[in-house]
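Numbering (the numbering used here), first residue to last: 22 to 318.
Don't take every hint at face value.
[To be verified] Below 27 Å or equal to it, Euclidean Cα-Cα: the simulated BS3-like pairs (lysine-lysine) are:
no.	residue 1	residue 2
1	LYS122	LYS141
2	LYS141	LYS176
3	LYS122	LYS176
[To be verified] Listed next, with one range per pair, are the computed distances between beta-carbon atoms:
no.	residue 1	residue 2	range
4	GLY217	PRO46	21 to 29 Å
5	ALA295	GLY184	29 to 37 Å
6	THR305	VAL261	26 to 34 Å
7	LEU143	LEU291	33 to 41 Å
8	GLU52	GLU212	19 to 27 Å
9	GLY276	PRO243	37 to 45 Å
Bear in mind the hints are in silico, worked out from the structure with no lab data behind them.
It should be emphasised that the depicted structure is a prediction, and the values quoted were computed from it without experimental measurement.
Every residue, glycine too, gets a C-beta built ideally from N, C-alpha and C.
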Amino acid sequence: MRALLVLIAVLALGLALPAQQPPAPPLYSPEWYQQFHGPYSAPVEPFRIVGNIHYVGAANIAAYLIATSGGHILIDTGTVEMHRGLVDSVATLGFRTGDIKIVLSSHAHFDHIAGHAVMKRLTGAQVFAMAGDADALESGRDTSALGAVGWEPVKVDRVLRDGETVSLGGTTLRAVHAPGHTKGATTWFTEVQDGGRRYVVAYLGGTTPNAGVPLLNNPRHPGLIEETRRTLQRLQREAVPDIYLPGHPQAMFAGKVARLHAGERPHPLLNADAWRAQLASAETDFEQRVARERAAH
Numbered sequence: 022m023r024a025l026l027v028l029i030a031v032l033a034l035g036l037a038l039p040a041q042q043p044p045a046p047p048l049y050s051p052e053w054y055q056q057f058h059g060p061y062s063a064p065v066e067p068f069r070i071v072g073n074i075h076y077v078g079a080a081n082i083a084a085y086l087i088a089t090s091g092g093h094i095l096i097d098t099g100t101v102e103m104h105r106g107l108v109d110s111v112a113t114l115g116f117r118t119g120d121i122k123i124v125l126s127s128h129a130h131f132d133h134i135a136g137h138a139v140m141k142r143l144t145g146a147q148v149f150a151m152a153g154d155a156d157a158l159e160s161g162r163d164t165s166a167l168g169a170v171g172w173e174p175v176k177v178d179r180v181l182r183d184g185e186t187v188s189l190g191g192t193t194l195r196a197v198h199a200p201g202h203t204k205g206a207t208t209w210f211t212e213v214q215d216g217g218r219r220y221v222v223a224y225l226g227g228t229t230p231n232a233g234v235p236l237l238n239n240p241r242h243p244g245l246i247e248e249t250r251r252t253l254q255r256l257q258r259e260a261v262p263d264i265y266l267p268g269h270p271q272a273m274f275a276g277k278v279a280r281l282h283a284g285e286r287p288h289p290l291l292n293a294d295a296w297r298a299q300l301a302s303a304e305t306d307f308e309q310r311v312a313r314e315r316a317a318h
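Assemble the whole structure, with the sequences as input and the hints as a guide.
The following block contains the structure:
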């Protein structure tokens, strides 16, 4: 009887524990690419996040629509598989895709900007990109340390520099050059009003190179380690945003979308500690990667 009770307790404990996550597929493998083109790109219902910022992305690849009286700003277009869902999401929210005037980027990787060219053709929008990534967008080649697959080339109408702003219809976004994930990775800061209070919102455009990318003497990105360290230090000096939005938001949005729809206050994404924790975690992981590579040489 005692043995049976112990067995029941062990089984109950096992059921209470979270399922172990499967290992990530090897970099560049068909399985690695498939997660982006398949489940990450699956359509989801769009929703308003805060103020005039709306989510029009997919299950785990972000696209953010900033609606203004002068037209709309779209940050990232995702994979080619996301295009139909993105267009439908804009319409579901009551906006016209044709009113998108500016398309911005978080960084030049296929899972975030592969839809830029078709969106530009569809809307006539101007494409703005940070200097370090502008050539990549126009060439259709991944020039980052990752060196993944490319995309349809798209003309860049305005090349941005660190600290420059983009304004439309009373909304202003500030571009912070944050190289490391790509050469022109950009974190966007803006302020919105919602429910009588002001929110500082940041879209973190990537911090460190993808897991599995060699860091020491990377021929695709000389000075990668030093540049990434400067990026992490720079972002840690920025004023901490009230809400930060990631490029792969599934984990952050889990359990919060219904609360966003309900207008719950305090805002479900209001968490200054999340920004600090993300940067601290990225820095710790990066330095551990550097140490492991140096120990192996």
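Status of the hints after comparison with the structure:
no. : hint                        : result
1   : LYS122 x LYS141             : holds (9 Å)
2   : LYS141 x LYS176             : holds (9 Å)
3   : LYS122 x LYS176             : holds (15 Å)
4   : GLY217 x PRO46: 21 to 29 Å  : violated (46 Å)
5   : ALA295 x GLY184: 29 to 37 Å : violated (24 Å)
6   : THR305 x VAL261: 26 to 34 Å : violated (18 Å)
7   : LEU143 x LEU291: 33 to 41 Å : holds (34 Å)
8   : GLU52 x GLU212: 19 to 27 Å  : violated (41 Å)
9   : GLY276 x PRO243: 37 to 45 Å : holds (42 Å)
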